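These protein sequence lines are chains Y and U, in that order. In terms of my numbering, the first sequence is residues 1 to 124. In terms of my numbering, the second sequence is residues 1 to 459.
Just so you know, these hints were derived from the structure itself, not from any lab. Bear in mind that the values here come from a model prediction, so they are computed numbers and not experimental data. Don't take every hint at face value.
Said to hold, decoys possible - Partner residues are not named here, just some residues of chain Y that face chain U (Cβ under 10 Å, in silico):
id	residue
1	VAL35
2	ILE55
3	SER107
Heads up, the beta-carbon is just placed ideally off N, CA and C, and yes, glycines get one too.
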Amino acid sequence: MTLLLAATIGILFGTGAFLLMKPDLFRIVVGIVLVSNAANLTVMANGLSRGQSPILPIERGVTISDPLVQAMTITAVVIGFGVTALLLSLAYRIYVSSRTVDLDELSHAEARHEAELEREDVSV
Amino acid sequence: MDVAIVLLVPWAAAALLAMFDGRRPWVGWTAVGALTATVAISVALAAGAFGSEPSATVAGGWPAGIGIELRADPLGVLFIVLSNAVLLSALVYQVAAGVRARIFPALVLFLAAGLTGLFLTADVFNFYVFFELSMIAAYALAVYGDEARQLIAGFIFAVVNLLGSFLFLIGVAAIYHVTGTLEMDAVAARIAAVDPSATIMIAVAIFVAFGVKLGLFPFHFWLPTVYTSASPAVAAMLSGAVANIGSYGLLRFGAGILTDELRLGATVLIAIGTLSILYGALQAISRRTSAEVLAYSAIGQAGYVLIALGIGGPVGIAAAIVYAIVNSINKALLFLVTRIRGWLVAGAFAIGAFSVAGIPPTAGFFGKVELFRAGIEENSIALVALIFLGGALSFVYMFQIYQHDFWSRQRRTGPESPLPLRAIAAVLAVVVVALGFWPEPILWASREAADVLIAGSEP
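Can you make the complete structure from the sequences, with help from the hints?
Structural data, given as structure tokens:
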């Protein structure tokens, strides 16, 4: 189980990191989502334990599984959800204002802007 | 007094003000009022933490050890007072200049609540939650202004910092796995018994997370774009308050919890700090707009904090705290004056520039003196020389930009900025000078905080 989880986390994180390097805003968002899920899964994997589900009433003398990691993961999932919404809305705003989601094109526009600043600077 | 009040005031005010249109002056001034109250409560809390008894409370009325503890210890309250004061000055600046986004005042209050919680919490996972709360507010603030390049900068800011946050979350999970607890004190006590091969990985993950936040050399690439495109008030908040997460995190987790790992990695920290200082200073010298120079200067200044932390011991850690405090006031002042004109402005900028270069009688001088003390304590001529060189380089870039901005016609012509904006700059400049003339409180508080931090980390 540990090996399986480690492999899943590795693949998730690796795929996410790969997507983060793409010059496409939406691929980057998907990359962040994957990395965030890799982190959530890591939290779960770190408290993996066998036992009865930790719901009252608990019988005396039996081992129960660790509920704390579940609580942490649900919190992290909610945070990840909020962050994804924010990133998507940012990406959409960039698309609306620049009509492209390609980071290369966006940085060309940025470079042109800087060149303009440079010219203004020299003229003063 | 209950510790939680300092957290509840900005949080409740933010939730309330989020429902109103922030472009109306009364909403902005209500936010200013709420933040002023927060600063006042933080100061009262600080008086308690340095005085008789440090106050603590367990959230939800749980018994200690089960619930999440909020405690006001000297290091935490120092950063609470500092960050909230910086946020307040930036908020007053923006409200006086006119807010152009409906959510802006509420976001600043959310940021204040997030930062306050982060500096208060004694729980590792709770730290992550507040960390994200303040960062989400910061991402939204970074795009304030809605220009195309701000949106792109904000997007990059969010993506890079999220990657850092998730690394931190993985570090938190690993801490829980090896120690079986999330309480900072218990973690500090138990982590010494854990196999170093595991704890070093945790320390690296956490170091990278805070390095990204602070904008240290190899993790700095997002910083210049964001600081240069953000509006002055937001840049002041990011560099004067949000970057404190990095310094505080390194102090709390490095010097307070992972002490053995900090000692083990001291050489690496000093090397990265040196690279940051040199890279930041050399890049800053080659730039010509004040926002760019300040952005690269922020990278260099973060390096000093790291070096002081690498030196360690009571002197080194106290120096790191002093430097972090002084640096965030300097940066708040300098970013706020980048786009205003008129009488008082050049003087305020010059004082900020003196402070960055470490020239008396400004607060920055004592930041540098503390670093020199730490370097001498370490018996390292190389470090003392490096700090001197860094100071000399920052003198060059600060005055290059001063000359470019204030001796050219560009900044001297055109309409003067409204008086309230210049008044805020003047107040911050007076604070910098006052701390230069009377640095004892800040030096004493930093030493006290360093002592408590070191005492807490010993099992």
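Against the structure, the hints:
1. VAL35: holds, 5 Å
2. ILE55: Where the cut-off is 10 Å and the nearest Cβ of chain U is about 18 Å from ILE55/Y, the hint is violated.
3. SER107: Since chain U brings a Cβ to about 8 Å from SER107/Y, closer than 10 Å, the hint holds.
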